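Using the hints provided, position chain B relative to the given structure of chain A.
Number of protein chains: 2
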Amino acid sequence: MTPTNTQELRVELRNLLAQGQDSAVLDLLDGLHSADVAEIAGELEIPEVLAVLQLLPAERWTDILVYFEDDVQSEILENFTGKEIAEVVLENINSDDAADLMADLSDEKKREVLQYIGDIEYAKNLADLLTHAEGTAGALMATEMVKVNQNWTVSRCVREMRRQAEEVEVVHAVYVIDDHDILLGSLSLKKLLTTGAKTPITGVYDRSVRAVTSTTDEVEVARIMNKYDLFVVPVVDDMGRLLGRIMIDDIVDVMQEEADSNYQLMSGLSDDVDQNDGLFAMTRARLPWLLVGLVGGILTSTVVGRNEGELSLIPQLAFFMPLIGAMGGNVGVQSSAIVVQGLANSSLPGTLLQRLSRELGVGLLNGMLCATAILVYSWAAGHGLMFAVAVGSSLLSVIIFASLFGTAVPWVLNHYGIDPALATGPFITTTNDILGLSIYFAIANALL
Amino acid sequence: MTPTNTQELRVELRNLLAQGQDSAVLDLLDGLHSADVAEIAGELEIPEVLAVLQLLPAERWTDILVYFEDDVQSEILENFTGKEIAEVVLENINSDDAADLMADLSDEKKREVLQYIGDIEYAKNLADLLTHAEGTAGALMATEMVKVNQNWTVSRCVREMRRQAEEVEVVHAVYVIDDHDILLGSLSLKKLLTTGAKTPITGVYDRSVRAVTSTTDEVEVARIMNKYDLFVVPVVDDMGRLLGRIMIDDIVDVMQEEADSNYQLMSGLSDDVDQNDGLFAMTRARLPWLLVGLVGGILTSTVVGRNEGELSLIPQLAFFMPLIGAMGGNVGVQSSAIVVQGLANSSLPGTLLQRLSRELGVGLLNGMLCATAILVYSWAAGHGLMFAVAVGSSLLSVIIFASLFGTAVPWVLNHYGIDPALATGPFITTTNDILGLSIYFAIANALL
Chain A
1 MTPTNTQELR
11 VELRNLLAQG
21 QDSAVLDLLD
31 GLHSADVAEI
41 AGELEIPEVL
51 AVLQLLPAER
61 WTDILVYFED
71 DVQSEILENF
81 TGKEIAEVVL
91 ENINSDDAAD
101 LMADLSDEKK
111 REVLQYIGDI
121 EYAKNLADLL
131 THAEGTAGAL
141 MATEMVKVNQ
151 NWTVSRCVRE
161 MRRQAEEVEV
171 VHAVYVIDDH
181 DILLGSLSLK
191 KLLTTGAKTP
201 ITGVYDRSVR
211 AVTSTTDEVE
221 VARIMNKYDL
231 FVVPVVDDMG
241 RLLGRIMIDD
251 IVDVMQEEAD
261 SNYQLMSGLS
271 DDVDQNDGLF
281 AMTRARLPWL
291 LVGLVGGILT
301 STVVGRNEGE
311 LSLIPQLAFF
321 MPLIGAMGGN
331 VGVQSSAIVV
341 QGLANSSLPG
351 TLLQRLSREL
361 GVGLLNGMLC
371 ATAILVYSWA
381 AGHGLMFAVA
391 VGSSLLSVII
401 FASLFGTAVP
411 WVLNHYGIDP
421 ALATGPFITT
431 TNDILGLSIY
441 FAIANALL
Chain B
449 MTPTNTQELR
459 VELRNLLAQG
469 QDSAVLDLLD
479 GLHSADVAEI
489 AGELEIPEVL
499 AVLQLLPAER
509 WTDILVYFED
519 DVQSEILENF
529 TGKEIAEVVL
539 ENINSDDAAD
549 LMADLSDEKK
559 REVLQYIGDI
569 EYAKNLADLL
579 THAEGTAGAL
589 MATEMVKVNQ
599 NWTVSRCVRE
609 MRRQAEEVEV
619 VHAVYVIDDH
629 DILLGSLSLK
639 KLLTTGAKTP
649 ITGVYDRSVR
659 AVTSTTDEVE
669 VARIMNKYDL
679 FVVPVVDDMG
689 RLLGRIMIDD
699 IVDVMQEEAD
709 SNYQLMSGLS
719 DDVDQNDGLF
729 AMTRARLPWL
739 LVGLVGGILT
749 STVVGRNEGE
759 LSLIPQLAFF
769 MPLIGAMGGN
779 VGVQSSAIVV
789 QGLANSSLPG
799 TLLQRLSREL
809 GVGLLNGMLC
819 ATAILVYSWA
829 AGHGLMFAVA
839 VGSSLLSVII
849 FASLFGTAVP
859 WVLNHYGIDP
869 ALATGPFITT
879 TNDILGLSIY
889 FAIANALL
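So the protein lines, in turn, are chains A and B.
Just so you know, we're using the working numbering here: the first sequence kicks off at 1 and counts up by one.
Just so you know, we're using the working numbering here: the second sequence kicks off at 449 and counts up by one.
Isolated chain A (complex conformation) (with noise of 0.2 Å):
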């Protein structure tokens, strides 16, 4: 759906609301993919959700929860018993969504909920799933697979998989393991469909299965997937038992949490901010970092204020003021997004210093060819040779320091376990035009 069809339906469909007619409301969800019943009514008011989600039936109704986002999630929780939740929601979905939904609940609505779930197995089973910790596999991680014993026949496996897929929606991977739930290899639908009914399974099944164990991180599971292209990967605990298996599906949510988290570090947005959040949201998302570029700017006019008395006696100094601090923000953007973009892939090749070699000579090429137009420019402006030079060099300077800060600082925010993107965008713009101001008055004051 376009995003003016979206719009347009979710119109519509507030208005049907209002006006209480709910077999038109019905008739204009019907037919649509949950997740586009999502993506209209998620931006309603949650009475309104709850209106839209009462009519349906308690098997559409759960698939739609799904798919809005968690916040929007939480807050229609919170409108139902641990006993409904049990009852009616959890039946209908898988365990990885179950567990996410369920994340966000007070420990006690969790208690009561997970006491009313009939099925013990099931229930464990979900409370196991809760102790893991956000933002790691185990927490990603659904327990519904298909899992067979190495000392099974081809037949007993087709026999195993039939009754297991009844709770299995979609078959991806079948998993051999032995009597101790330990992982021992994966075998393929083809494998199955072509081998002898009487086989045992052991001579069958590839042994050189990939796993990641529960308390990886999801971003590292993510690159794992998308580096060996895997549709599917187990994940096993520390002595090597299978406990579930994560898909490519949640995978692409992770990743592109990811980049847009990268994205939103560096345009200077400090939250989870979209097109459709409200004018108080926006504003807040926004603030913190135009409060650093505050900060920094009142630096900035207390290192011009130092060098009034120079500003005075050469007027001109100031017409490149601005030309210096965007340059220097330009070149340590660059080079902190390449640092930040490598950690990302996992791609950094080398050390710190290898790095820092690097830059210095990329810096180098692009601050002579950079210092020299500014140099002809401005001597040709008739500012004078002496001035021009000055000009250049500091520009030269501010480029080569932007580069070597601009690749220094994400990478020692990494090792010491920080985000390094916190160092793209506004931080390194601001920290790079006081510095670069700092240069310029520097030079200025030793050349002329």
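FYI, nobody ran anything at the bench for these hints, they're computed from the structure.
Only a predicted model underlies this, so the values are computations on that prediction, with no experimental measurement involved.
Which bits of chain A does chain B cover? Going by a derived footprint, with three or more residues having C-beta under 8 Å, they are: (1) 188-197; (2) 249-260; (3) 285-294; (4) 300-311; (5) 329-337; (6) 366-374; (7) 414-426.
Some but not every residue of chain B turned toward chain A, in silico, with C-beta under 10 Å: (8) Ser-482; (9) Lys-675; (10) Met-703; (11) Leu-727; (12) Met-730; (13) Thr-748; (14) Gly-753; (15) Phe-768; (16) Met-769; (17) Leu-771; (18) Val-788; (19) Ser-826.
Where is the CB? At the ideal position from N, CA and C, for every residue including glycine.
Positioned in the frame of chain A, the structure of chain B alone reads:
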């Protein structure tokens, strides 16, 4: 593998190659995944890469070839004849990978390769795949898939799947077609496993399959698969005939490229540059936006130059020049980034006018907060009330203006089919620098 690990193995591999220790090279690569070998060998010189590949059996090195970057792939393929490519390379890989590899060959070489392909049906398939424009669903799809006719029974389907499974490595979907190849729906494995053998599939298959046409943009395919949590999506022509299918792992690459490209544009990198590129590639990727910044800086210097008289009367004006420029840049990037991200997710609601009025609200709120802060600061710093009012009101105007400008520019670019991400990063910072300072001097002129 960790980056350090990769780096070490690369050095070792290079040494062993130089010493001609072939069996040691084989030992080193033994047991490594093809993706890992590609990562290690992909950074070597082309003759070295060829030397490594020639040591390995055809099935193994063609699998490695698929994991190389596009430019490395085509450099390697240049060293093979059309006959070799047809008989060795293409024999071992899927049609989508084959089409990818061939897309970068010269037209003459393509014809030569196609001519040497033994299986005429496969050659036709491949020639068809090569006709699709890059960046469309057609160029991304593979033709290997399991198709069954609507008139068959379950047992005939299973028999056909078994036969087709010889060619298709992993079965992720079974498509149901009519006698004219028109896509009717899909059949889940679960259904096949749990339905009686003699049941006709007409009553069993799922008719709600979501397909894309071969001309759909790959970014749109990514959005659809992501939104509806699809693992595989069928590709049809305008008549609805089934042409192929796209798997989510190919889409993951598309998403990654799209995110990377937006990130690069925002950081002022003009090319797909990574850590491992040479000094000149790195310099070239950064220079264009630096030159844009340079030209912007020169324009800014003329703006300041025109206000030289004012500056010499009120030298403190220079103190806050960097602050005004930086804040304009920061706000502009924030606004444009939100629009670009909204466009990427197709989640931009409302018209440009509605967006601008919201931005006006956000700009007013943030602007008033920041302007008040700087007014109080500069008054407290002893710059005089009138001066403080001039700085404060300039900042307010600049923030509001930059919000509107940062929103409108990417929107307009997108409207005219230009990548809106061009309007993030250096472009918006530079423009706002110039316009911000013009506003600043105009207000100072009026008030002081």
